[in-house]
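**Q** So the chains spell out like this:
2 protein chains.
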Amino acid sequence: MADPAKRKRIVVIGSGFGGMAAVKGLKRIDAEITLVDRTNHHLFQPLLYQVATAALSPADIATASRALLRHQPNVGVLMAEVTGIDKERRLVHLAGGRDLPYDFLVLAVGAAYSFFGHGSWRRYAPTLKTLTDALSIRARLLSAFEKAEECGDPQLIKKLMTFVVVGAGPTGVELAGTIAELARSTLARDFKAIDPRSARVILCEAGDRALAAFPRRLSEYAAKALQSLGVELRFGEAVKEIDGHGLMVGETRIEAANVLWCAGTEARPAANWLGVAAARNGAVIVGPDCAVRDWPNIFAIGDVASCDDGSGKALPGLAPVAKQQGKYVAKVIKARLAGMPAPGPFRYRNYGTMAIIGRSRAVADFGGFTLTGFPAWLTWSLVHLMLLVDFRSRLTVYVNWSWAWFTYGRGARLLMRGTEEEASRPPDAAR
Amino acid sequence: MADPAKRKRIVVIGSGFGGMAAVKGLKRIDAEITLVDRTNHHLFQPLLYQVATAALSPADIATASRALLRHQPNVGVLMAEVTGIDKERRLVHLAGGRDLPYDFLVLAVGAAYSFFGHGSWRRYAPTLKTLTDALSIRARLLSAFEKAEECGDPQLIKKLMTFVVVGAGPTGVELAGTIAELARSTLARDFKAIDPRSARVILCEAGDRALAAFPRRLSEYAAKALQSLGVELRFGEAVKEIDGHGLMVGETRIEAANVLWCAGTEARPAANWLGVAAARNGAVIVGPDCAVRDWPNIFAIGDVASCDDGSGKALPGLAPVAKQQGKYVAKVIKARLAGMPAPGPFRYRNYGTMAIIGRSRAVADFGGFTLTGFPAWLTWSLVHLMLLVDFRSRLTVYVNWSWAWFTYGRGARLLMRGTEEEASRPPDAAR
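Residue numbers (the working numbering), protein chains in the order written: chain E, 594 to 1024; chain V, 594 to 1024.
This is chain E alone, in the form it adopts within the complex (with noise of 0.2 Å):
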């Protein structure tokens, strides 16, 4: 073993599919590896719009990091914002003063979503990224139909069970369905003043169709499949506005207490913290080797990087392009710590991609060969199952799925009333 005093020191920021591959990447080598997050925890984000629809708990999808690393003793996992990066000094600023140094870097922040310059519809128009998001648009969906049982105006009624889902990409599509499904079957007979199979739920896009990274024929399959849910298709028309009361979609008002934004993202400000290149996204223009250019020692990977697929097109932001990047860099980083020469140039293999509109219903893209409807939900629910990081939440999941299946009931339906002190959120008391 090396002197420790020597020994390199590898920091990756992110710990979702791209910096948790990262760091599994780095498994046996003598380094000292620090995974910084905002949060404590690994996320499995494909699932999250199911903690959102109330039909799984943050628990059953996420997964504190130092329990997924805990085998793996080269590597400390810091729960800290990042602040800022002195690529020249090679110093990650931490918010608290802190700075952290590295030898290697490895960024795989993610991305958020963009409102395009229309940074005040955020209030308006919850996104979904995160636990956070997830249970305070739960909280959302659940207390509008408390709030149009208790109220007794039927215009406020109406507005309250309006459910406006903006930007049709798997997200997007995933929560219309959703959502649909959760007013007409699970809620069905709960209520005594409204009827929640009166809720409308509207699917706004710009684009002239859903899913618009699949093919034609998917897209059409989705389109039909949300109508059969209930779900009001309105594509090919901009959002102009939104504010507390609903919002403008091409000429059209219309009144709704619930908006969810799911349209374009934009990378996390990783480019302005290294103040290099970055793509129309806000994503760091990185080389085949992942590396940011001028700068070999710092990697970005993931939907923080904007990263050419070989034909001059940039990668799409899924998980596995993240996972596979992950992967990569990791042997890069072990080639140049053995002095061995670095691997080609980093290659994506589409496995396929999938998404998921509702209950038995589903698209697959498998390159020439395509599935839809119960084969391809199937085919998404086992994946999904095999891909959760441990034994515990596939077990669970499986548990709840299966319920949830049979009966049509949503386990997670809880709201809560807040204290003095917020649920959830690590308290700043103490520091």
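Just so you know, these hints were derived from the structure itself, not from any lab. Careful, some of the hints might be misleading.
[Unchecked claim] Examples of chain E residues toward chain V, derived with CB under 8 Å: (1) Lys620; (2) Ile622; (3) His634; (4) Ser650; (5) Met672; (6) Ala673; (7) Gly960.
We put the CB at the ideal spot given by N, CA and C, even for glycine.
For this one, chain E is given, so just place chain V on it according to the hints.
**A** Using the frame of chain E, we list chain V on its own:
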């Protein structure tokens, strides 16, 4: 069926064990029942400490009241805050100005922790009564370790890793034991800079023993079991002061970033709403039929009621008391509606009481017959599994428990970052 206009209105306030038992007891009657609660769920409070210590998720121990009562068409569920009662005009006042008329009223609003006149301590010493409380305590416990790992200051580390539980009743004993297990087993190998096993867990009690409501032999077993888990016991000294940095116990100052309050309870303000006589702890004094004196159509049950046990002593604040009173009151109301003679006075049947100390350690008191250790723990586990309200919860809890028992792991170790909105709390927008 009677004329709907003449149908009697029964309002039940509180969806805990008592209120839910009353509502379920009124299943087949021709009346209009309204269940009012500040939350939308029934909470299985005996397992709340497991949510606070990251073993279970909120959805494992709570179920939406609407879902529980779906098959009871004579009940409406209302999520609302009660602000007062007009007993002359038979109205329940709700926040927002709405009034709820009743013919019969059942008060089952439970109790809160009492700070014995030291209201300012509440800020520093959270209590455990609701799901929000449990998530807030969980965030506090887990982030104490995260902050200690990061801070690098030995004094602060010591303070962050000192956990003080005030009050050695069942909840205090459960919490102290489980926090000690969390530090010594679950988190033991997860940190680099700190050793969670060096955490101090202190249980303070003004009385001379733990679990004062149990036979002395069981108190002694509990004390030994707690000590073997590494809990320091401080009995016979009252807490004199609590601030943001620690507390004074007798003449000793303890620096601690985490103080949890599990001491005395006081009834919620129902006696004030009614303007009737209250017991010393604020509970509504009721007669042998659980009705308020001079107001035979108003009942109080569970922790909010002070009910003579037949020998001049008040019944204890236990879930089985509340449940049995709920069932009993339903029978009284049914008899009155049917013009039949009322049942005899309420009699509590004590089937035994239990308290859990940690993994494989518990005490159980069945009157003449007591259990300790693994047999008590097994009995406790089986009984609580059986008591959980619906099949889904039961199965998921079973999976989580088995997994946690075999691995010493904790599934729900999640810390979330706040966004501008608070998680799980119903938003006030769109009102």
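**Q** Each hint: holds or not?
**A** Hint-by-hint comparison with the structure:
1. Lys620: violated (16 Å)
2. Ile622: Nearest chain V Cβ about 17 Å off; hint violated.
3. His634: Hint on His634(E): holds, closest Cβ of chain V at ~5 Å, below 8 Å.
4. Ser650: holds (4 Å)
5. Met672: holds (4 Å)
6. Ala673: holds (6 Å)
7. Gly960: Violated, because the Cβ-Cβ distance from Gly960(E) to chain V comes to roughly 37 Å (cut-off 8 Å).
Comparing the model with each earlier hint shows violations of hints 1, 2 and 7; every other hint is respected.
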